[in-house]
Amino acid sequence: MHMRQLALTAAIFTLVLTACGKSENTDADAPAETLRSTSKEETSSTLNLEPIDQAKLRQRIAALSSDEFEGRAPATPGGAKTREWLVNQMKEIGLQPGSGDSYEQVVPLVELTLQMDQSNLTINGEELAQGSEAVYWTKRVQEEVSFTESDLVFVGYGVVAPEYNWNDYEGIDVTGKTVVILVNDPGYATGDPDLFNGNAMTYYGRWTYKFEEAGRQGAAAALVVHQTAPAAYGWNVVEGSWTGAQLDLERPDGGANRTALEGWIQESVARDLFDKAGMNFDDAVEAAKSRGFTAMPMGDLKSSGVINSTIRRSESANVVGVVPGSEHPEEYVLYMAHWDHLGVNPNAEGDQVANGAVDNATGTAAILSIAEAFLQSENPTERSVIVAAVTAEESGLLGSAYMAEDPVVPFNQIVGGINIDAILPLPPTKDLMVVGYGASELEDILENVAEKRGMYLRPDPEPEKGYFYRSDHISLAKKGVPMLYADAGIDLLDGGEGAGSAFSDDYRVNRYHQPSDEYSADWNMDGMTNVVSVLYEVGADMAYSDKWPNWYQGNEFRALRDEQRAIDQ
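Read left to right, the sequence shown gives residues 6 to 574 (my numbering).
Rather than coming from a laboratory, the hints here were simulated on the basis of the structure. All values derive from a computational prediction rather than experimental measurement. Ideal Cβ placement from N, Cα and C applies to all residues, glycine included. Hints may be right or wrong, so weigh each one.
[Said to hold, decoys possible] Pairs of lysine to aspartate or glutamate, EDC-like flavour, derived with a Cα cap of 16 Å:
(1) K86 with E109
(2) K294 with D199
(3) K96 with E73
(4) K435 with E502
(5) K281 with E502
(6) K484 with E217
(7) K307 with D288
(8) K484 with D531
(9) K61 with D531
(10) K484 with D436
(11) K483 with E354
[To be verified] For each label pair, taking beta carbons as the anchor points, the in silico distance ranges come out as:
(12) A68 with A250: 26 to 32 Å
(13) G223 with G559: 27 to 33 Å
(14) D411 with Q357: 31 to 37 Å
(15) G249 with G355: 19 to 25 Å
(16) P56 with G559: 56 to 62 Å
(17) G559 with G297: 17 to 23 Å
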């Protein structure tokens with residue numbers, strides 16, 4: 006969990022919440038391949054579903070967040086204990102192995118630690134200070150990576166998005182060059198609702214995409230210009246996030262498809278570089294907002310860099326189980342939650358174990374309880390249900406990223422997915438918060454289920470900050486699979502929004518990513534159980550029907566899903 010839901014709830018009272026416009030998805034505009042049948046009249050409310058067992062949900066949270074599991078860090082003894090516990094839970098519940106004949110999908114990891122005294126980044130011979138002026142690293146698994154005399158090119162937002170008719174790399178070859186990139190996307194920059202997704206960030210606005218695309222374009226280095234508003238966080242977050250050892254997936258190519266150097270530079274540094282290139286930074290930024298923008302070589306500026314790293318290899322695992330479908334076992338509903346947390350800090354005073362009770366023992370316990378309820382229900386599911394407890398979310402969504410690259414089932418056979426990440430132990434709420442509101446037809450199912458419980462949906466109040474792209478579901482969304490990310494709201498039945506916001510703020514300030522994120526027997530489990538029950542019923546709506554929900558028209562992942570479903574027909 007990366008402060009997303011907490012920041013959202015903190016913003017409730019400072020932002021006017023207006024629903025993002027959902028694209029109408031009528032039979033006329035839906036691709037023919039998604040209309041193979043209409044959904045059955047039977048809904049989850051008439052399926053005699055076994056209710057979520059609140060006592061077992063509580064027990065699982067208490068167990069996972071106990072000191073016995075040492076903070077559940079991947080590739081540690083505590084992480085190994087967690088994996089074993091999860092496998093045993095899945096066996097006891099009655100789940101079948103979900104990764105071939107095993108419950109574990111082994112995830113190879115590699116840890117790179119930058120050697121500061123043996124690494125540098127210079128532009129025209131002047132070194133940029135690591136930390137204060139720039140923060141850089143490499144994704145290439147080599148002890149030394151270097152490049153020299155690489156021409157600087159400003160590529161605007163660094164986006165190649167055919168569905169938006171946008172290509173910042175058109176007409177220029179950046180092979181071996183250093184690309185300078187703006188964060189976020191043109192829709193946010195202009196506020197134009199007809200450009201990209203308007204003020205709501207698309208995946209093209211995420212820094213992760215910028216570096217991926219620069220690698221695809223053959224650049225030697227990629228530097229994202231930090232600006233607080235479009236990034237949604239200050240320079241301190243950038244500086245703190247890439248300090249110390251960096252965990253990543255061990256990929257077959259050793260990261261060779263990435264640029265030699267990836268990094269951020271301060272806006273003040275960027276302005277100075279533009280001045281030295283005889284360019285005006287503000288004019289260049291303005292030009293980058295316009296369709297048809299052409300990349301700009303930055304005069305005679307050249308960069309050179311060398312990065313030395315120490316390398317340590319390890320492994321963790323996603324733990325995956327399956328509820329087999331009775332009629333269409335080859336079609337799957339996916340539930341996912343990350344099991345990992347931050348482990349033990351031997352240098353901390355007092356309590357050294359980051360137990361991660363809310364983040365994310367709650368979500369992990371929830372998907373186990375949902376699986377158990379499905380298996381105990383009177384009617385077996387018609388489709389299969391996958392339950393995936395993924396690893397290394399706190400290190401950059403690595404477990405889900407590995408599952409996206411090595412899927413346990415084909416993507417075009419996954420009907421839809423639900424990610425559960427950190428449910429606050431609130432009393433019952435009237436609302437559910439939908440992060441990335443306006444993304445897919447899964448929200449229609451959610452709204453229907455919520456209304457039957459007298460609840461309403463609260464849209465993401467800060468779509469420009471891209472919180473939808475910061476949890477594990479995005480790994481599958483990038484492959485086209487419709488994913489839902491929803492959680493408890495803040496409008497308490499007893500106390501309203503003020504009480505709910507105060508509860509969330511207290512967790513954000515006093516417990517998030519701290520040893521104090523601990524389970525308590527005093528937790529009110531009623532609100533959490535309601536949330537888990539709603540998400541259970543959303544999955545049931547798919548598991549007991551022949552629906553194929555899609556992304557809404559205009560979503561950046563819609564075309565990929567349409568292509569997947571066309572292949573399946």
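* What hints, given by number in increasing order, does this structure fail? -> Hints 3, 5, 7, 8, 10, 11, 16 are the ones this structure does not satisfy, whereas the remaining hints hold.
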